[in-house]
Each structure stands twice: as C-alpha cells, then as structure tokens.
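Number of protein chains: 2
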Amino acid sequence: MIKVAIVGYGNIGKAAHEAISASKDFSLEYIVDTTKIDVDVPVLNDVSELNNVDVAILSLPSRVVPEVASLLLSKGINTVDSYDMHSSIADVRSKLDQVAKQNNSASITAAGWDPGSDSVIRTLLMAMMPRGITYTNFGPGMSMGHTVAVKAIPGVKDALSITVPTGSGVHRRMVYVELMDNADFNVVESAIRQDDYFINDETHVTKVESIDDLRDVGHGVNLIRKGMSGTTPNQKVEFNMSINNPALTGQILVSSARAVMKQRAGCYTMIQIPPIDYLDDDVDEIIRSLV
Amino acid sequence: MIKVAIVGYGNIGKAAHEAISASKDFSLEYIVDTTKIDVDVPVLNDVSELNNVDVAILSLPSRVVPEVASLLLSKGINTVDSYDMHSSIADVRSKLDQVAKQNNSASITAAGWDPGSDSVIRTLLMAMMPRGITYTNFGPGMSMGHTVAVKAIPGVKDALSITVPTGSGVHRRMVYVELMDNADFNVVESAIRQDDYFINDETHVTKVESIDDLRDVGHGVNLIRKGMSGTTPNQKVEFNMSINNPALTGQILVSSARAVMKQRAGCYTMIQIPPIDYLDDDVDEIIRSLV
Numbered sequence: 062m063i064k065v066a067i068v069g070y071g072n073i074g075k076a077a078h079e080a081i082s083a084s085k086d087f088s089l090e091y092i093v094d095t096t097k098i099d100v101d102v103p104v105l106n107d108v109s110e111l112n113n114v115d116v117a118i119l120s121l122p123s124r125v126v127p128e129v130a131s132l133l134l135s136k137g138i139n140t141v142d143s144y145d146m147h148s149s150i151a152d153v154r155s156k157l158d159q160v161a162k163q164n165n166s167a168s169i170t171a172a173g174w175d176p177g178s179d180s181v182i183r184t185l186l187m188a189m190m191p192r193g194i195t196y197t198n199f200g201p202g203m204s205m206g207h208t209v210a211v212k213a214i215p216g217v218k219d220a221l222s223i224t225v226p227t228g229s230g231v232h233r234r235m236v237y238v239e240l241m242d243n244a245d246f247n248v249v250e251s252a253i254r255q256d257d258y259f260i261n262d263e264t265h266v267t268k269v270e271s272i273d274d275l276r277d278v279g280h281g282v283n284l285i286r287k288g289m290s291g292t293t294p295n296q297k298v299e300f301n302m303s304i305n306n307p308a309l310t311g312q313i314l315v316s317s318a319r320a321v322m323k324q325r326a327g328c329y330t331m332i333q334i335p336p337i338d339y340l341d342d343d344v345d346e347i348i349r350s351l352v
Numbered sequence: 062m063i064k065v066a067i068v069g070y071g072n073i074g075k076a077a078h079e080a081i082s083a084s085k086d087f088s089l090e091y092i093v094d095t096t097k098i099d100v101d102v103p104v105l106n107d108v109s110e111l112n113n114v115d116v117a118i119l120s121l122p123s124r125v126v127p128e129v130a131s132l133l134l135s136k137g138i139n140t141v142d143s144y145d146m147h148s149s150i151a152d153v154r155s156k157l158d159q160v161a162k163q164n165n166s167a168s169i170t171a172a173g174w175d176p177g178s179d180s181v182i183r184t185l186l187m188a189m190m191p192r193g194i195t196y197t198n199f200g201p202g203m204s205m206g207h208t209v210a211v212k213a214i215p216g217v218k219d220a221l222s223i224t225v226p227t228g229s230g231v232h233r234r235m236v237y238v239e240l241m242d243n244a245d246f247n248v249v250e251s252a253i254r255q256d257d258y259f260i261n262d263e264t265h266v267t268k269v270e271s272i273d274d275l276r277d278v279g280h281g282v283n284l285i286r287k288g289m290s291g292t293t294p295n296q297k298v299e300f301n302m303s304i305n306n307p308a309l310t311g312q313i314l315v316s317s318a319r320a321v322m323k324q325r326a327g328c329y330t331m332i333q334i335p336p337i338d339y340l341d342d343d344v345d346e347i348i349r350s351l352v
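Protein chains in written order, with this note's numbering: chain P, 62 to 352; chain D, 62 to 352.
Take these hints with a grain of salt, some might be off.
List of simulated lysine-lysine pairs, DSS-like, C-alpha gap at most 25 Å [claimed, not checked]: (1) D:297 / P:75; (2) D:297 / D:75; (3) P:75 / D:287.
Rather than coming from a laboratory, the hints here were simulated on the basis of the structure.
Isolated chain P, as found in the complex (with noise of 0.2 Å):
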C-alpha cells in the first residue's frame, strides 16, 4: 500500500480523495487543511506536521506549490501537484528536479489535464507528425486555475472565470466576480486584467450579485494536429474531451502518485513519465489488455 496525504482540501484535494477511495494500492493516512473540515483521517494544520507518508498529493493554488513541493521533497516525501502556470513549469520543474535528487525524492510536477495529460498527447503527436501545426481549444468550461488566480485578488468575495475558445488555439476569458462590499470594480477588474493568467487573453470582467448560481464543474477540450509524417502531408488527428474538471485533475493526481513511487529522485512532467507506470497491474497483463 503507498502511503499518501492529501494537502489542500478544495475541489480538486476532495476529488483526489475520491479517487483514492476508489484506489485498491493507496491508504490515505492524512490531509492537511488550515480550515475545519469533517473527514474521517486525520487532519493536519500544516505541511510541516506531514511526516511518515511516501508521497503527498499537492492540492493546493499554484503560486504556493513550489515552496510545498521544496520543502516535503527536501523531508524524503514524494509529491505530486497540478501547477499549472505553463510559462514556469520548465523552471519549476528544473529547481525542483535538484531538491529531489538532492534528498533522494521524486515528484511529478503539472500532473493534470492540461498541462498534464494534453501533453502526453501533444507529445506523441510531434512523434507521429514532426512537422505540422498543432492547436489546443479549451471549454467552454471553468478554468479551476483561472478561477482561483481570481479569488487572490484584493476585493473578490468569490469568482469564476469560464474560458470560451474562438478557435485555432484562441481563447476568451469570460471573469464573473462577486465583490467584498467596499470594493471599486474598476480597481478588481485592472487587477484580474494584469495577472500573468490574464494578460495575453481576451478578457470580459462581469460584476454578479451571486457566483453560486452560475458554478458547473463541467469542461472540454478539442486538441487537433495537422501534420506530416515523414514527407507525407495532411495527417489529421483530433482528441476530444467532455470531463468534470475537479474529478479529471483528481484522479490524474492519484495516477501520478502511483507513478512516482516507480521514478529515479528527481521532478518530472508527465511527458517524462513511461504512461505504464499509472497503472496498477502487472506489466505483461497491461500490455495483454492495452497494448
């Protein structure tokens, strides 16, 4: 059994734990949340209690799961986490690659859907089509990421920022907040606009009296390459989803906390990771049913 902690209790931690109960290899022996909440291990204050656990699911904003991820990889405990700030994976996974080799620890860092497993297939696909153009189109559907960005900001009560694609790639940000009642809009709208998840998109920022009503979990992609093979053109592939968000991103957490147990020390993406090793079988029987 792989001794595992969930840290970070939101959408994703609860869905982590759902997957995990749903798991036969992993026994949950804690989860660390500052908040009070009604689970039936036990719960811990703070990351630095976590102890005696081999691998720790990081469900937790992005900007803080470099600090995390430093801090249990230089304890000797595995993790696995969603950072999902695509222009910084690369760093973050190359200061965390030395942590880890450092203390004889393993991580799989950007462990979601995208980045995550879109990126397995983006992968794949320059190994099929080296040459071609590939587009990702995400929604409409919440951005969990987005979302969160949103909510650090000075002002917001609660947020939600559905992404809404245009396109080969292209995508409009569509920001619903809810405002603490001395906040100026204007002020949290120039905010959401200048934020690193924002800058580069189209971005429409709407005041809304409740975000309740308009919270859907739902979320998709379409994923195309046109490309060539060798020199011959036109090689067409597409990969479609239809997910739930919260429980896609738990469940790869989990694959991935399995797959790390089977990594050298060191931070991967999951480009880097053998696909075999998020599966719980025997290898001669994956390959009968998969291959």
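Dock chain D against chain P, hints included.
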C-alpha cells in the same frame, strides 16, 4: 548522429526512409533487402551482414520480426519493429527483453499506430478514467498486417485487406485476392478465414482481376472511452485519426529508433517509454513548447 539501418524495403521501409530523410539526427548506413532496389545507400542481402549501426528499423512481416530482432539484439544492435499480432506481443516482448538484457542492447517492439500510439492513448485513458469501457474502431482502410498475411497464403498473387468498423470495436474484414493461375479460390478463402489474423472477425473474401485498382493507403481510427474519474461518471474522451498508414508507421518507427537509444538494456512496448524520448530536442525546450 544515430547510425541506422532499414531492414526490409516494402511500403513501411520506404516510409521509414522518407522519415529518416526528414530528420536531422539520423545517418542511414544500410538498407537490407533481398530484392534489387534503387537507393543511394549500400544495400545488404541479409541481416547477418549488418554491423556498425546503432539501431535497425525492422520493416518486415510480423511473423519474421521476433527471429530477426533476436539475431540483431544478440549482436548488440538496438532494434525497433511494428510487430502487430496483439495476442502475442507480451510474449514477444518478454523473450526479446531477455536477449536484449543479456547483450546490453535495447528494443522497442509493436511500435506503430496500433499497436503503438493507440496503445499509449489507451493507457493514458486508463490513468484518467480507471473504470469504464474503451472501444477502438479502425478504418475503413487497408490493414498492412492483414494484407501481408493474405499475401503469404499459397495461391495468392496479390491481395488487399480492408478493415471496416461496425461500431463498439467490432470490425468486418473485406479481403480482395488476385489468384495465381492454378489456385483454387475455395482453398484460398478457407485458409484466409482460418488464419489468426481473421479467425475472430466477420471476413468476406472476394476474387478480383486486379488488386492495383483498389489500392489506397489511407486509414483511420476512432478510439473512444467513457468512464469514471474517481467516483465521477460520464467522463468522455475521443481520439480520431485520418492518416496515410505506411507514412505514419514509418514515422513512428523512426521516432522510436530515436527513443530506443535513450533506454536501458531491455525490450519495451511504447507504453513503457517516456513520450519525451521520441523527440530530438533539449528537455527544457520540449517542456516549454509542449507541456
């Protein structure tokens, strides 16, 4: 530069040649083929003459792959092949794994699009939705493996096997045969139906005057999985391809020839290979562009 040889110069061997020409990190040293071919590299008559290459791409009928791969691996030459008899892949891999480990060489077997890249997709989908059902629907299109199997039957001058999807992963095989002068159609038809490639599928055998008029190397896949992530049902993923069959197989063999150079001694299927290994670039660069 990776020194490579192509063993077998049919449709797939020619496509592999094109894919090598379109890559920067390979040097094609030899082609091994028993027929007279017009190419600008040295041609050897037999694999036993092959030396001084890093990796051999085996573009041969599946049934001769295990023996040729064993021979080369035992000489310390890495191999890649697209062995496609699904029910025997686990055993073939296991046997080649022993030979490779004893001789400090490495091999990727069943490296095509199915088995191959589709296998990677199916494995990834299992990590995303551990419970559920996957259907792989092929075609309509010409199956290389099935066509080669028919051509090997006595009395067959030329042949073509078309795979037609009838849904839910069930297929019909439409086999077209051009007979030798003295051949008995009923004997040929019976031999085709009893072949491992056809025995489990609805198979129609038709005698035609000329196979050439029917030839088309386009193919397709529709791979779907509906299942559960954690305890959440109704997660849906669909993967579609429309491709030139030999071109994609040749390209995947060449990408695998790159990947095999990065593996430790042993024989692997594609689900055991980190996807990043198929690509020729710096790790951080690949992460920046694809993750």
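Straight-line Cα separation of residue 297 of chain D and residue 75 of chain P no greater than 25 Å? The hint holds at about 21 Å.
Just to be careful, I want the Cα atoms of residue 297 of chain D and residue 75 of chain D compared with a cutoff of 25 Å; is the pair within it? Cα-Cα ~37 Å, so violated.
Starting from residue 75 of chain P, check that the Cα of residue 287 of chain D is at most 25 Å away, please. holds, 22 Å
The earlier numbered hint that this structure contradicts is number 2, and it is the only one.
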